[in-house]
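Use these hints to put chain B onto chain Y, whose structure you have.
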Amino acid sequence: MRLKNFLNAIFAAALLALPTIGAAQTILTVSTPEQSATYTLEELLALPQTTVVTTNDYVDTATTFQGPRLRAVLEPLNIGPDASLKMVALNDFSSNVPSVDAFDYDVILAVLRDGEPMSVRDKGPIWVIYPMDDHAELRDEAFNGRLVWQLKTIAIE
Amino acid sequence: MNGKSRIIRAVLLVVFVGAVLFGIGVVYKLSDRVDNIQTAEQSDPLWIGSQLQFEVLRLEKELSEVVLGLRPPTDVALRFNIAWSRITILQEGKLARLLKSFGIDQTVLSDLEQTFQTVEPDIAEFTSQELTNDAARQKAAKILAELEGYDIALRNLLVALAQAKNSTLSEFRTGLLSLSHVIAYLGTTLLILFGIFVSLLLLELRAAKKRESKMRILAEEATSAARLKMNFMSVVSHELRTPLTSLLGGLSLLKARVGTTLKDPAALKLLDVADRNGNRLLTLVNDILDAQALSEGKVSVKRETVDLNDVVTTAVENCQVYAEKLGVSYAVHIPQEPVITFTDGARVTQILNNLISNAAKFTSAGDVVEVRLTRISERARIEVTDHGIGIPADLQPDIFTPFHQINPGTTGANKSSGLGLSITKQLIDLLGGKVGFTSVEGDGSVFWIELDLLSQSHLAKSA
Chain Y
2 MRLKNFLNAI
12 FAAALLALPT
22 IGAAQTILTV
32 STPEQSATYT
42 LEELLALPQT
52 TVVTTNDYVD
62 TATTFQGPRL
72 RAVLEPLNIG
82 PDASLKMVAL
92 NDFSSNVPSV
102 DAFDYDVILA
112 VLRDGEPMSV
122 RDKGPIWVIY
132 PMDDHAELRD
142 EAFNGRLVWQ
152 LKTIAIE
Chain B
370 MNGKSRIIRA
380 VLLVVFVGAV
390 LFGIGVVYKL
400 SDRVDNIQTA
410 EQSDPLWIGS
420 QLQFEVLRLE
430 KELSEVVLGL
440 RPPTDVALRF
450 NIAWSRITIL
460 QEGKLARLLK
470 SFGIDQTVLS
480 DLEQTFQTVE
490 PDIAEFTSQE
500 LTNDAARQKA
510 AKILAELEGY
520 DIALRNLLVA
530 LAQAKNSTLS
540 EFRTGLLSLS
550 HVIAYLGTTL
560 LILFGIFVSL
570 LLLELRAAKK
580 RESKMRILAE
590 EATSAARLKM
600 NFMSVVSHEL
610 RTPLTSLLGG
620 LSLLKARVGT
630 TLKDPAALKL
640 LDVADRNGNR
650 LLTLVNDILD
660 AQALSEGKVS
670 VKRETVDLND
680 VVTTAVENCQ
690 VYAEKLGVSY
700 AVHIPQEPVI
710 TFTDGARVTQ
720 ILNNLISNAA
730 KFTSAGDVVE
740 VRLTRISERA
750 RIEVTDHGIG
760 IPADLQPDIF
770 TPFHQINPGT
780 TGANKSSGLG
790 LSITKQLIDL
800 LGGKVGFTSV
810 EGDGSVFWIE
820 LDLLSQSHLA
830 KSA
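First to last, the sequence lines map onto chains Y and B. All residue numbers for the first sequence refer to the working numbering, where the first residue is 2 and numbers rise by one. All residue numbers for the second sequence refer to the working numbering, where the first residue is 370 and numbers rise by one.
Same shape as in the complex, but just chain Y:
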């Protein structure tokens, strides 16, 4: 009985591990004209994490978002606060975001929403989140357009 339980547990663990192995694919590319860096979900989760609890126009109530700071993926490529970031989503929607936002505020690349990874259907796998509840000035319409969901690449041209 005990052995059977144990085997079941191993099986379940293997089943749970499977999609993780399958998902070990690049979900974010950050590039400058000189170089580029790629990240998997695991790599993003391995970076120092920041939690932002905030509302925005696209959620019903205050929601907990977790992920690395946008700054954390810009700094390895020496992207300073005076650049313009072209953020491209999975559906090829793109938005130009001044990189100074990442240095002025804790803008995060949210990969967990309420502790769960986000599916593509639910604006995942990466959603750019501004801490709008902590800074009244971020509630301006101009920042709404910078909440890029289904983020695929960040590029400097």
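The hints are simulated quantities; they were obtained by calculation from the structure and are not laboratory data. Hints may be right or wrong, so weigh each one.
Stated by the list, open to error - Keeping only pairs whose Cα atoms sit at most 27 Å apart, straight-line, the calculated BS3-like set for lysine-lysine is:
no., chain 1, residue 1, chain 2, residue 2
1, B, K794, B, K598
2, Y, K153, B, K598
3, B, K469, B, K511
4, B, K667, B, K579
5, Y, K153, B, K430
6, B, K598, B, K667
7, B, K463, B, K578
8, Y, K87, B, K463
9, B, K398, B, K469
Stated by the list, open to error - To list a few chain Y residues with every Cβ distance to chain B over 10 Å, as calculated:
no., residue
10, T51
11, P77
12, I80
13, S85
14, S96
15, P118
16, E138
The structure presented is a predicted model; accordingly, all values stated were derived computationally and were not measured. Ideal Cβ positions, reconstructed from N, Cα and C, are used throughout, including at glycine.
The following block gives chain B in isolation, referenced to the frame of chain Y:
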């Protein structure tokens, strides 16, 4: 302030408060409106809706391409998920609230979601890549068939959204229009407030002017009364002096003639009393005339080089007789050298007479009044020290103003006009000197005057 202006003020104040309240109300309303405008301009739902339509079309296009064999079915799942995400976006957060407030029929969204759920297993098979190309094409065609009809439904949703958006915009426009009215009201209110403020100011100004002119009339009346009094006094004194002089002259002649022959001591005593009181009256009259001349600036000063040693000696001699009668003697201390000043000797003598006779008057019999002349660098100082009743501290500030004399009751026998010190002060001011005193009640007083010495260079020049 009369009743009418008070009523006007009250009315203005009420209007003022009313206007302020109205202004506050308008501003409050204004911020409400601004909030509305901010809501209206945020998150264009039309754009989000069109994104849904766009993604469904892209999904259909990709499926069609799979059916035609133009591309492998691997990416279909991603397109499917993206299209689905557009549905969830419309069902969550502000957009869901907006759609609800617009009252738009959202059944197309739930229908589409249901259809997505039914085709989801088929899509999942695409990703597993175990399908043959033919099977994949068949599946894609089947899914396409399921999606049939949503193009039009989605277009209708967009049309409804556009209409709702338009009506919001027209509301917004109406809001703007009423806003401009409100601003006009606000401007008028401000103008009214300004007008009220100005009229209140004018009222206040007029009242102040009235008050001022009233005060001026009062002050003029007061000064003219004082002048009249002074004039009257001086006229009376002038008129008194002439007969008084003749009286005194007659008296002294009479005394000289009968003084040696008259044997009745009582009659002689009467003559003395008459002479003394006549002299007192003359002093009083002279004081009044001096005071009047000083107050009108009619006193002229004849400056010449004067040795203050002589002045002090003369003044003490002048008062000697008067002091002896009171049983008071003088001790004079003068330096062994000349103390030369450039001043009016007669006026300084008059001042010293005043101080020295005062000292005799206010000290007790048997006392020695000290008169001391000293040089202090470039100034000469004359001090008159008595050991009499002194001056109470509370009377000291007024000592140099006219008609002030301490304790007239106990000094009844030595009564004077009370003008002496006031005249002294005005005279010394005229001469450019200083006068002052220190006094302790019961211990006596020290009165002093100071005058500039004639400088050596000046001496040399005149020599």
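Please write out, lowest number first, the hints stated earlier that are contradicted by the structure. 2, 3, 4 and 7
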